[in-house]
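J.: Below, each chain spelled out in residue letters.
2 protein chains.
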Amino acid sequence: MQPLRVALGERTYPIHIGAGLLDDAQIYAPHLRAGMVAVLSDRKVAPLYLARVRKALEKIGARVLEVVIEDGERAKSWATLDRVFDALLVARCGRDSLLVALGGGVIGDLGGFAAATYQRGIPFLQVPTTLLAQVDSSVGGKTAINHARGKNMIGAFHQPLAVIADVATLDSLPERELRAGIAEVIKHGFILDPVFVEWLETNIEKLLARDRGALAHAVWRSCELKARVVAEDEREAGLRAILNFGHTFGHAIEAGAGYGEWLHGEAIAVGMVMAAELSARAGTLRREEAERVTRLVARAGLPVRGPKLPLERYLELIQVDKKAAAGKVRFILLEGMGRAVLRGDIDAQLVRESIAAAVQ
Amino acid sequence: MQPLRVALGERTYPIHIGAGLLDDAQIYAPHLRAGMVAVLSDRKVAPLYLARVRKALEKIGARVLEVVIEDGERAKSWATLDRVFDALLVARCGRDSLLVALGGGVIGDLGGFAAATYQRGIPFLQVPTTLLAQVDSSVGGKTAINHARGKNMIGAFHQPLAVIADVATLDSLPERELRAGIAEVIKHGFILDPVFVEWLETNIEKLLARDRGALAHAVWRSCELKARVVAEDEREAGLRAILNFGHTFGHAIEAGAGYGEWLHGEAIAVGMVMAAELSARAGTLRREEAERVTRLVARAGLPVRGPKLPLERYLELIQVDKKAAAGKVRFILLEGMGRAVLRGDIDAQLVRESIAAAVQ
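Listed in order, the protein sequences are those of chains W and S. Count along the first sequence starting at 1, add 878, and that's the number in our numbering. Count along the second sequence starting at 1, add 878, and that's the number in our numbering.
Keep in mind the hints are simulated off the structure, nothing from the lab. Predicted, not measured: the structure shown is a model, and the values here were computed from it. Careful, some of the hints might be misleading.
The list treats identical chains as interchangeable, and a pair is accepted whether it falls inside one copy or across any two copies.
[To be verified] In silico DSS-like pairs for lysine-lysine, Cα to Cα no more than 27 Å straight-line:
no. : residue 1 : residue 2
1   : 1206      : 937
2   : 1186      : 1084
3   : 1206      : 1186
4   : 922       : 937
5   : 922       : 933
6   : 1084      : 922
7   : 922       : 1186
8   : 1084      : 1206
9   : 933       : 1206
One chain only, chain W, in its complex shape (with noise of 0.2 Å):
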């Protein structure tokens, strides 16, 4: 399978996407340079992975720094960070160094703002071993840690040189966290493809069944979707805001419920939910597109309903969303399958009616 291109002219970056490629030396090999590869991951992914990876790297003469943290959405800290850059100090990492980021979100996160910000910036390489984070994090260059008062309020665009996709790894992912990963595939559907969203309709099983070639095309058609809006607006100046549809309400109830608590995805699957329903009573969205989002959703495995938290709190919560402009704060709606549209115009009393009816 030929690699997919994110294009972002002297950034431009490939992805491999296939079954087993974390094994290929050959893929690692135009990314190595002089200094000292370390491979960044987490407890529950290193015992899996990282002695395969440090193989295939040693087989191209690399000299491996294995950096091994706890895992889970509170390991995207500042302290978990400065853990990271010990590491990397006391091995003597020089900016020759290359970073490999093995392992979900979280490690794509945080090891893409390590690398962007170890002496000012190193090279990094993703391999990412959800799905999520094959679908996600793999394409946008978006590195962040959290802060106590919001989620990935600290990071930087930093690209990596290239991402590894294996699906195989998906093999040894949890149930819940496989479709928290779907949430993230049926998002780039509703915002960008009324066509892939119909071939979810159809395939949401095999997905599910973790069916491989289902599974290589989702994350396929998600990379490429997103790669185009990325491409077109590499620092989230505009268009790119789309792909965080299902976000705002998202990111509120993951802080909501506290970090850790509900995945990401899970939390997205809600969040998109909200949004659908806030279409639709925005007058943006018929009423039977909006169910149809809840159904796919519901489909997946996924939560449809939000943490039982007081209406007020939700509010304050988006209130603090990074996407909030001047004060206010803009939605991203759809108008129609397929095609997101952001605004920021939406009466409140609206927002409160699209919470009140996806709260448990």
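Starting from the known structure of chain W, arrange chain S on it as the hints suggest.
T.: Below, chain S without anything else, positioned relative to chain W:
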């Protein structure tokens, strides 16, 4: 006075140099955006200039948030940075906010890094109030904080929208800091411009007496020389490394003596003496030229001898410096006055001797 332009393609920005610019609302005006303007300063600088900057900004309709942190190199830490993030988040600063870094090098470095990473990057203005910051930090887009294991180890390249260098603010600068700033001015002559070195040899007393004309010329010429190098090598891939002349030794002195004990410029002054000594010993610089380096540094009232640390401690500290490539330390030597070269093949014994020759 026309602003100097730092040519960096779409990131090209002006440096305004002159007396009284702090109060000139029209200089800030082109850079205002919809959101808040967060003015970051420290406890020493804020009482002197913050009200004036605030007044100029408010005159053109800005909503101003003041963020005042402790002063000194110790403030260049994650803990302080986190307090800045906290203030920005509490005030609901969005991505359309502007950060103004009002102060010396610490404020510029920390403020620039805050701007580089807050919500993955917001724009910022540099308003340097020390000579060091005016001639050094304001050109190049280097931002950073320190790590327990090394200075400036965590950072980013993030160009300001503009630099406002008000030479009248140098009136309030302590004598010792004025001299530390002159160290970087001199450095630009040593590595790039023999004519400027001659001008400095003639005018060093005027600079020490804070003659405004002499200071404005020194700031202008330093920024111009540095800007030329940065324009050719924005990401420090090669040429730009020569700007670190004296810094390999200088950083070791700062770290070895404990951050904050030596001013950056003082450490760099001794670092340049050591680097000139090394150049003479390595045979790239005539002995008389090395002595010219030491003499000008001494005439500027700067130290020419490093702190009394064990030689082994110096060598250990040099190893961890960012310029270490693949474990091998590269040194910036002079090949004649006004011409620098990067060398990775320097015998460790010569390094020892050069340090020993310039230690108290």
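J.: All hints, please: hold or fail.
T.: Quick rundown of the hints versus the structure:
For the homomeric pair residue 1206 and residue 937, the shortest alpha-carbon distance between copies (24 Å) is at most 27 Å, but the shortest distance inside one copy (54 Å) is not. With identical chains, the CA atoms of residue 1186 and residue 1084 are never at most 27 Å apart, being 32 Å at best within one copy and 71 Å at best between copies. For a Cα distance limit of 27 Å, the shortest separation of residue 1206 from residue 1186 inside one copy, 25 Å, qualifies, whereas the shortest one across copies, 58 Å, does not. Only within a single protomer do residue 922 and residue 937 lie at most 27 Å apart by alpha-carbon distance; the minimum there is 24 Å, versus 56 Å between protomers.
For a Cα distance limit of 27 Å, the shortest separation of residue 922 from residue 933 inside one copy, 19 Å, qualifies, whereas the shortest one across copies, 54 Å, does not. Taking the shortest alpha-carbon separations for residue 1084 and residue 922, only the intra-copy value of 26 Å comes in at or below 27 Å, while the best inter-copy value is 65 Å. In this assembly of identical chains, the alpha carbons of residue 922 and residue 1186 never lie at most 27 Å apart, being 30 Å within a copy and 48 Å across copies at closest. Taking CA atoms no more than 27 Å apart as the test, residue 1084 paired with residue 1206 passes in neither setting, with 41 Å inside one copy and 53 Å between copies.
Taking CA atoms no more than 27 Å apart as the test, residue 933 paired with residue 1206 passes between copies only; the shortest distance there is 26 Å, against 51 Å inside one copy.
The structure fails to meet hints 2, 7, 8 from the earlier list, while all remaining hints are met.
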